[in-house]
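Novice: Below are the chains, spelled out letter by letter.
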Amino acid sequence: MARIRPRVRVPRSADAGEVVTLKTLISHPMESGLRKDSKAGETIPRRIIHTFEVTFNDQSVFTANLEPAVSANPYFEFQMKVPESGTVHFAWHDDNGEVYELDKDIKVG
Amino acid sequence: MEFTRRDICAMGAGTAATLALAGGLPAFAATDDVQKAMDEFTGGKTPTEGGVELTAPEIAENGNTVPVEVASEGAKRITVLAVGNPRPEVVTFVFGPLAGAHAASTRIRLAETQDLVAIAEMPDGSFRKATRQVKVTIGGCGG
Numbered sequence: 000m001a002r003i004r005p006r007v008r009v010p011r012s013a014d015a016g017e018v019v020t021l022k023t024l025i026s027h028p029m030e031s032g033l034r035k036d037s038k039a040g041e042t043i044p045r046r047i048i049h050t051f052e053v054t055f056n057d058q059s060v061f062t063a064n065l066e067p068a069v070s071a072n073p074y075f076e077f078q079m080k081v082p083e084s085g086t087v088h089f090a091w092h093d094d095n096g097e098v099y100e101l102d103k104d105i106k107v108g
Numbered sequence: 000m001e002f003t004r005r006d007i008c009a010m011g012a013g014t015a016a017t018l019a020l021a022g023g024l025p026a027f028a029a030t031d032d033v034q035k036a037m038d039e040f041t042g043g044k045t046p047t048e049g050g051v052e053l054t055a056p057e058i059a060e061n062g063n064t065v066p067v068e069v070a071s072e073g074a075k076r077i078t079v080l081a082v083g084n085p086r087p088e089v090v091t092f093v094f095g096p097l098a099g100a101h102a103a104s105t106r107i108r109l110a111e112t113q114d115l116v117a118i119a120e121m122p123d124g125s126f127r128k129a130t131r132q133v134k135v136t137i138g139g140c141g142g
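Protein chains in written order, with numbering that gives the first Met the number 0: chain H, 0 to 108; chain B, 0 to 142.
There may be inaccurate statements among the hints.
Not everything, but these chain B residues come out facing chain H in the computed CB check (under 8 Å) [what the hints assert, rightly or not]: (1) 90; (2) 94; (3) 97; (4) 132.
With a cut-off of at most 16 Å between alpha-carbon atoms, the simulated EDC-like pairs for lysine to aspartate or glutamate come out as follows [said to hold, decoys possible]: (5) H/22 <-> B/39; (6) H/22 <-> H/102; (7) B/128 <-> B/72; (8) B/128 <-> B/39; (9) B/134 <-> B/57; (10) H/80 <-> B/39.
Worth flagging that the hints you see were computed from the coordinates, not collected in a lab.
For each residue, glycine too, the CB sits at the ideal point set by N, CA and C.
Kindly produce the complete structure, drawing on both the sequences and the hints.
Specialist: Written as structure tokens, this is what we have:
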């Protein structure tokens with residue numbers, strides 16, 4: 000399987016109190032658990048990202064609870080208020096227990 | 000897929016279930032499932048129409064990636080349900096104190112032409128709802 004690679008777009012700097020748009024994408028098959036193997040006819044087990052969390056300096060920004068109906072390579076776009084300089088923390092939680100994480104800094108001023 | 004959701008509804012859940020078993024068709028979410036998913040989100044309350052924006056294409060060529068956007072001023076949570084999918088739940092967004100806007104967009108899978116429903120939980124505990132039909136040319140259930 001291709002390596003799972005998260006990608007995010009975060010501005011490097013912002014004004015205090017500014018609202019910025021964040022875009023995120025992670026390469027992931029989002030196997031729904033409903034598909035059947037074309038050869039053996041067996042159901043392919045479910046494996047999806049079930050939770051996606053974004054925090055800024057440990058304060059909650061955005062959480063998404065995903066179901067199998069979210070497309071492969073889940074993409075999200077949302078807005079965040081930037082009160083001060085700090086770090087945006089992104090975490091994708093996989094069904095298999097793995098957590099893919101990424102940090103991005105934003106400078107105010 | 001030669002059955003539209005409307006046909007399946009018309010045939011009744013029983014017939015649909017029998018068909019699904021007999022013909023190996025994917026079992027689409029019955030109306031009960033949709034109601035259950037709604038109740039789970041709202042705690043049994045009935046959402047009122049309006050106050051939520053649900054943006055989706057009128058015609059989606061590929062049901063595997065249908066872009067959707069939801070927005071509801073001040074909402075705490077917004078959930079998206081696909082009425083005609085094998086399981087209606089799609090995604091739930093929770094907005095934290097640093098959310099810049101109570102809006103988000105993503106890409107979802109739709110099995111067939113169907114209604115999308117967005118429900119938002121407002122800070123006062125009430126629920127708002129919006130419905131939008133999306134026509135799907137190629138279903139996104141995979142082979």
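Novice: Of the hints stated earlier, which fail here?
Specialist: Hints 4, 5 and 10 are the ones this structure does not satisfy, whereas the remaining hints hold.
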